[in-house]
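For the record, the sequence lines run as chains A and B. Read left to right, the first sequence gives residues 1 to 444 (UniProt numbering). Read left to right, the second sequence gives residues 1 to 444 (UniProt numbering).
FYI, nobody ran anything at the bench for these hints, they're computed from the structure. Among the clues, some could well be false.
Intra- or inter-copy, both count: the list cannot distinguish identical chains.
[Claimed, not checked] List of simulated lysine to any residue pairs, SDA-like, C-alpha gap at most 25 Å:
id: 1; residue 1: Lys408; residue 2: Glu220
id: 2; residue 1: Lys146; residue 2: Ala283
id: 3; residue 1: Lys425; residue 2: Glu217
id: 4; residue 1: Lys282; residue 2: Arg252
id: 5; residue 1: Lys300; residue 2: Asp130
id: 6; residue 1: Lys216; residue 2: Pro413
id: 7; residue 1: Lys216; residue 2: Leu122
id: 8; residue 1: Lys425; residue 2: Thr255
id: 9; residue 1: Lys392; residue 2: Asn250
id: 10; residue 1: Lys282; residue 2: Glu241
id: 11; residue 1: Lys216; residue 2: Val319
id: 12; residue 1: Lys371; residue 2: Val415
The primary structure of each chain is shown beneath.
2 protein chains.
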Amino acid sequence: MRMAHLITNCSFSASPAVKAPTRSTSYCCNFVQLQNSKPSNLFNKSCSMKQRKSYVIRASAAVQGQTQTPLTGSQEASAHSSSKPKKVMVIGGDGYCGWATALHLSNKGYEVAIVDNLVRRLYDHQLGLDSLTPITSIQNRVRRWKALTGKTIQLYVGDICDFEFLSEAFKSFEPDAAVHFGEQRSAPYSMIDRSRAVYTQHNNVIGTLNVLFAIKEYSEECHLVKLGTMGEYGTPNIDIEEGFITITHNGRTDTLPYPKQASSFYHLSKVHDSHNIAFTCKAWGIRATDLNQGVVYGLKTDETAMHEELSNRFDYDAVFGTALNRFCVQAAVGHPLTVYGKGGQVCEIIHLKFVLCNLFIIKLAIANPAKPGEFRVFNQFTEQFSVNELAKLVTAAGAKLGLDVQTKSVPNPRVEAEEHYYNAKHTKLIELGLVPHLLSGLAT
Amino acid sequence: MRMAHLITNCSFSASPAVKAPTRSTSYCCNFVQLQNSKPSNLFNKSCSMKQRKSYVIRASAAVQGQTQTPLTGSQEASAHSSSKPKKVMVIGGDGYCGWATALHLSNKGYEVAIVDNLVRRLYDHQLGLDSLTPITSIQNRVRRWKALTGKTIQLYVGDICDFEFLSEAFKSFEPDAAVHFGEQRSAPYSMIDRSRAVYTQHNNVIGTLNVLFAIKEYSEECHLVKLGTMGEYGTPNIDIEEGFITITHNGRTDTLPYPKQASSFYHLSKVHDSHNIAFTCKAWGIRATDLNQGVVYGLKTDETAMHEELSNRFDYDAVFGTALNRFCVQAAVGHPLTVYGKGGQVCEIIHLKFVLCNLFIIKLAIANPAKPGEFRVFNQFTEQFSVNELAKLVTAAGAKLGLDVQTKSVPNPRVEAEEHYYNAKHTKLIELGLVPHLLSGLAT
């Protein structure tokens, strides 16, 4: 209970670690509205009635090499129109982000399939870890969802590095979109030893290659939403753009992929994925969105809160626990917050609910399909703070609950700059119609 | 015989495909001098007698983040001094570049070990291909070398993706430097099907990861010379720098890795390698040189010409044959030269003998060790021509031999720009002391 209150009470305002440009760097997806509002209230810039319910999302940002055209369509109607519901394959759908995403998409009327080999649960067994929140089996999870909502989530249990298995899943389900969370996603895990470094890069890179080949061979129109990471960029001494940067050099100009400087074998695997995906967009006409996601925090979404059997996992250990989640647990149990080194490292954060922005991206992809070969990159985070600032916020929230939260600096196990310039853009999603909204009040 | 004469007769002069900067873009390593001259004639900028023979190599170029200090040392003496000869592990030493390199290093007094799983020969069996020049087994090759020169080349036959095997090789041999050619190096091979795309990326990326871990665990001072490829850069509309580019963006400046845009799963695997290596330099203090090599052509080196059993392989097929080699064979047999598409694609080329410039780099690495964590990148090619220009050169050379060489355009099986701006720098090796020398007269 304490930890849930800690997350609720953290009041995040715009106080980035470094001098920011004049535009606000603090915003949140208007997620409450996305969930609760009737579509006609939601996107109100202009209306054109196409189907029973419809709206227009202002979409003025140009994606790389493309001119974005205004999106027309409907929200739930896109899933419940007279045509069949759109199908979304959630790869890694048993995990922290994937499970929340799968439920939310199903709740919004999409036909959902989860593809997962459940290896995330094996890591826990191997390392002697466990979720803080009890979670049931994936089979019980989808059964409970069906019992509560009448909605079916299909389940394909297997390894996407096994192309025979993945082929069968694609041929059977025929996805319109695929959201790919199915990777070993812990930097510390990838750095434990050679075996896990190699496993991480093999699993992640080959898994993504297989997904690309499956799309090419079985579902050419399928839009891939791939989870990348802000960590691909490293900590350059210049502003971080969204995926691409325009460079003028020796009198000539080009817009090129933003240089990558990853700081773990896990982050490197995401860099490799991004390069592979960009190539297949060009070579095969694959449509893909690379979401360079910030560090996810938070405990519940509306769907996972519906029943204890739908509960999401919550990790707080040193391998899988993300910074803010870990600090909240440490504060709740009276353990000093463990700040690595000087604590000046900048963290871009995003609440679990806002991870569900990928719903927006999927709608965008389905209602306004990307042109073949279009490779979009979004930096998906809501705010950026230094680790020290996160610690202070948790300390302040803890104080409101009567907790005396301490902080201590521990030797940094990572190879990273502990104080650095950091200014990353993350405006494309807003420009495509997501409405900024302050974080406070939306936590938990 | 015709083909050998074709390569000899091609007269390459500075006529790049695109408008070049005023500095000469055509130079060759002064390789004849490196082989024939006494050291005292070779590097004549200044002399300081350190050992029996010594020289100073002018080294004014700064590598990324480092200030290069003048090199003092000796050439053969570095290998024949009173201390033990330096050890170089040639990974992929049974292949086109690797075999020539292994012999040359051995001839120059280094203690050499070849590490190879011989899978290159298996590709031939699988695809029904073969070397144009008969080659004997690796065991016969090293036996013949021993018989002729008295020099031993150690042989470790196994897969570098097998870390147990690689560990034993490192622990047994204790290399001072490792030259890593041991990858699946054909773009067309990597694009045949999913299985070979996956194989290429797994083999190349995991193999290199294992080499990095082996250096870290067993030979911390070992300098890695890694064969990259110019193809990592793609065809940007700006000048291509050597590994890094200084960008000024929104009022701030940083020198960052040059953006990569590879055009095959093979080229992508090299991009992944470069990112992985750069990270380990920073994280572990690995010393590495990434050689972004151009397209290799040519048939013989002085060592491979010593005996038929030392003969190097020569590939002219569509999978492993490189452009200029293929054109020479096509001309010799009366087959039209097969130009892909419009033929405007720019090719950076390097004669096989000049691949042996890595000897220079190894000497540089051993005599003037890179600082821990130093990641050097060189663009290693001698000239750049469009495919059309290569075809014209071969046609002209053929005419001198009385051959009526035709050219035809065939549909381009590759996804690549067929006409594009291209201006790549390749000056760092010259600035470090390699003396430019025209190519004509050195071929074959």
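Cross-check of the supplied hints:
For the homomeric pair Lys408 and Glu220, neither the shortest alpha-carbon distance inside one copy (52 Å) nor that between copies (33 Å) is at most 25 Å. In the homo-oligomer, the alpha carbons of Lys146 and Ala283 never lie at most 25 Å apart, since the shortest distance is 40 Å inside one protomer and 48 Å across protomers. For a Cα distance limit of 25 Å, the shortest separation of Lys425 from Glu217 qualifies neither inside one copy, at 35 Å, nor across copies, at 39 Å. When the C-alpha separation of Lys282 and Arg252 is checked against a cutoff of 25 Å, the pair qualifies only within one copy, where the shortest distance is 23 Å, while the shortest distance between copies is 31 Å.
Within a single copy, Lys300 and Asp130 get their C-alpha atoms as close as 17 Å, which meets the 25 Å cut-off; across copies the closest is 61 Å, which misses it. In this assembly of identical chains, the alpha carbons of Lys216 and Pro413 lie at most 25 Å apart only when taken from different copies (17 Å versus 41 Å within one copy). In this homomeric assembly, Lys216 and Leu122 never come within 25 Å of each other (Cα to Cα): the closest approach is 31 Å inside a single copy and 29 Å across copies. For the identical chains of this complex, Lys425 and Thr255 are neighbours both inside a copy (16 Å) and across copies (19 Å), given an alpha-carbon limit of 25 Å.
Taking identical chains as interchangeable, the C-alpha atoms of Lys392 and Asn250 are never at most 25 Å apart, the minima being 46 Å within one chain and 31 Å between chains. Both within a single protomer and between protomers do Lys282 and Glu241 lie at most 25 Å apart by alpha-carbon distance, with minima of 21 Å and 24 Å respectively. Taking CA atoms no more than 25 Å apart as the test, Lys216 paired with Val319 passes between copies only; the shortest distance there is 23 Å, against 35 Å inside one copy. Taking CA atoms no more than 25 Å apart as the test, Lys371 paired with Val415 passes between copies only; the shortest distance there is 18 Å, against 39 Å inside one copy.
The structure shown violates the earlier hints numbered 1, 2, 3, 7 and 9.
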